[in-house]
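Peer 1: Sequence:
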Amino acid sequence: MLWLCLIIVIAQAVFAIVSLRRYMALPAVPPVPRRLGMPRVSVVIPARNEAPNLGRLLASLLALDYGSYEVIVVDDDSTDATLAVASEFDAIIVRTGGLQPGWTGKNYACHLGAMAATGDWLLFTDADTDHAPLSLASILGYALDRNLEAVSVLVGQECHSFWERVLVPFAYQQYFVGVPGAQVNQPRYTTLLANGQYFLIRREVYERLGGHEAVRNSLAEDIRLADRLKTHGARYGVARAEPLVRARAYRSLADIMTGFSKNSFQFLGLDLRRGALVILSVILASLTPSLISLGLQPDHDTILLLAGYSYAFLALGLMGWDRLFRVPAWYGLLQPFSAVVFILIAVRSALRSLLGWGVVWKGRIYGRRYEAVEPTNEQPRPKSRQRR
Numbered sequence: 001m002l003w004l005c006l007i008i009v010i011a012q013a014v015f016a017i018v019s020l021r022r023y024m025a026l027p028a029v030p031p032v033p034r035r036l037g038m039p040r041v042s043v044v045i046p047a048r049n050e051a052p053n054l055g056r057l058l059a060s061l062l063a064l065d066y067g068s069y070e071v072i073v074v075d076d077d078s079t080d081a082t083l084a085v086a087s088e089f090d091a092i093i094v095r096t097g098g099l100q101p102g103w104t105g106k107n108y109a110c111h112l113g114a115m116a117a118t119g120d121w122l123l124f125t126d127a128d129t130d131h132a133p134l135s136l137a138s139i140l141g142y143a144l145d146r147n148l149e150a151v152s153v154l155v156g157q158e159c160h161s162f163w164e165r166v167l168v169p170f171a172y173q174q175y176f177v178g179v180p181g182a183q184v185n186q187p188r189y190t191t192l193l194a195n196g197q198y199f200l201i202r203r204e205v206y207e208r209l210g211g212h213e214a215v216r217n218s219l220a221e222d223i224r225l226a227d228r229l230k231t232h233g234a235r236y237g238v239a240r241a242e243p244l245v246r247a248r249a250y251r252s253l254a255d256i257m258t259g260f261s262k263n264s265f266q267f268l269g270l271d272l273r274r275g276a277l278v279i280l281s282v283i284l285a286s287l288t289p290s291l292i293s294l295g296l297q298p299d300h301d302t303i304l305l306l307a308g309y310s311y312a313f314l315a316l317g318l319m320g321w322d323r324l325f326r327v328p329a330w331y332g333l334l335q336p337f338s339a340v341v342f343i344l345i346a347v348r349s350a351l352r353s354l355l356g357w358g359v360v361w362k363g364r365i366y367g368r369r370y371e372a373v374e375p376t377n378e379q380p381r382p383k384s385r386q387r388r
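Under our numbering, think of the first position of the sequence shown as 1, with each following residue one higher.
Don't read these hints as lab results, they were simulated from the structure. Among the hints, a few may not be true.
In silico EDC-like pairs for lysine to aspartate or glutamate, Cα to Cα no more than 20 Å straight-line [what the hints assert, rightly or not]: (1) 230 to 149; (2) 362 to 128; (3) 230 to 207; (4) 262 to 227; (5) 230 to 204; (6) 262 to 128; (7) 362 to 255; (8) 362 to 80.
Cβ pair distances, simulated, as ranges [as the list claims (entries may be wrong)]: (9) 31 to 186: 23 to 29 Å; (10) 204 to 27: 22 to 28 Å; (11) 83 to 182: 25 to 31 Å; (12) 316 to 84: 45 to 51 Å; (13) 252 to 27: 31 to 37 Å.
Quantities reported herein were computed from a predicted structural model and do not represent experimental measurements. For glycine and all other residues, C-beta sits at the position ideal for the given N, C-alpha and C.
I would like the entire structure built from these sequences, with the hints used as guidance.
Peer 2: This is the structure in structure tokens:
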């Protein structure tokens, strides 16, 4: 029993250290001034019921320090004031006309936005992001300097509510147990990483590889696009850009449960080996209360000492992620609670999948199969297009 406890504690410490090191191994995009002669960019925003977020996003985009660019908002059949908010800004507005058979809503919206675009590069970004003035010039400059044809960046995550601070840093910590950041930019490795919150791609490459139509029924469209880029030999890179772009993807526990459920089994399905590693890490991260309980039994003083080390390693490891996400460090002390709640959310997601209930996202229910499909020759046309 003592040896088993020791192995658990060592494994916990290794995973806690490895995850942050893997994340920090990704290159960081430095903020740089805008250059002359940079290519025209079309910023495409898929927006379904994004009225609370869209104003901040559009204000930040229209303040970009960049030469030639356009902003395209694709209203994905919203039932709130998304369209009204978008109309207050100098942006092109495209309306999807509703969900199309065989497509996810986001993919169809991105597809229509790309069709309406006039830029040489396409930037797909989520409505819950906020862009610094130098973000586009810096990130596209980073891609051009490295002769990349597409780049996706990991953005800073804003965590304001209790549940965001408890769960979002922990989720990132566990995710990067299974994603070696040092490998994702090396062509000889098949490791995939992408972030749909910020995906910048040369238009010619996007169209040649079939764009979002090639992944039209996938809820993990960012990873699927990255897979197509690497499979077809395109020059694709991943970087960190936390100071340049920030996002607040979740605002409540319900949002977190929905978002995690959508993403967790997509990750497992795309890479079973790394998914299994993440599952192991999450299970180990939840064992500290059990070690403490076992150590409190008579003549188990050594196990109690190991339980103390376990708690210290995991709390300190999570504090590193808390600092990265600007979360007060003391939230790291809640690590056992974070692990237990995360497991409960994962179990709920697993049950939904096993029972065939599908995934709920943006008020729609998607079935159990999310496999990417090859593009067809048919090209749906935008339902409407306008500029204020």
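Peer 1: For the hint 22 to 28 Å, verify it against the beta carbon of residue 204 and that of residue 27.
Peer 2: For residue 204 and residue 27 the Cβ distance comes to about 24 Å; the hint holds.
Peer 1: Are the Cα positions of residue 230 and residue 204 separated by 20 Å at most?
Peer 2: holds (16 Å)
Peer 1: Decide if the proposed pair is consistent with the structure: residue 262 and residue 128, CA atoms, cutoff 20 Å inclusive.
Peer 2: Satisfied, since the Cα-Cα distance of roughly 17 Å is no more than 20 Å.
Peer 1: Taking 31 to 37 Å as the hint, is the beta-carbon distance of residue 252 and residue 27 inside that range?
Peer 2: With Cβ atoms ~33 Å apart, the hint holds.
Peer 1: Should the hint that residue 83 and residue 182 are 25 to 31 Å apart at their CB atoms be regarded as holding?
Peer 2: With a Cβ separation near 44 Å, residue 83 and residue 182 fall outside 25 to 31 Å, so the hint is violated.
Peer 1: Has the given pair, residue 362 with residue 128, been kept, meaning a C-alpha gap of at most 20 Å?
Peer 2: holds (13 Å)
Peer 1: Given the hint that residue 362 pairs with residue 255, test it: the Cα-Cα distance must not exceed 20 Å.
Peer 2: Given that 20 Å is the threshold and the Cα spacing comes to 10 Å, the pair holds.
Peer 1: I want to verify a distance hint. Is the separation of the beta carbons of residue 316 and residue 84 within 45 to 51 Å?
Peer 2: With a Cβ separation near 47 Å, residue 316 and residue 84 satisfy 45 to 51 Å, so the hint holds.
Peer 1: Are the Cα positions of residue 362 and residue 80 separated by 20 Å at most?
Peer 2: Answer holds: residue 362 to residue 80 is near 12 Å, not above 20 Å.
Peer 1: Does the Cβ-Cβ separation between residue 31 and residue 186 fall within 23 to 29 Å?
Peer 2: holds (25 Å)
Peer 1: Hinted pair, alpha-carbon criterion (20 Å max): residue 230, residue 207. Please report holds or violated.
Peer 2: Roughly 15 Å between the alpha carbons, so the hint for residue 230 and residue 207 holds.
Peer 1: Between residue 262 and residue 227, does the CA-CA distance stay at or below 20 Å?
Peer 2: Status holds; Cα separation ~19 Å.
Of the numbered hints listed earlier, the single one contradicted by the structure is hint 11.
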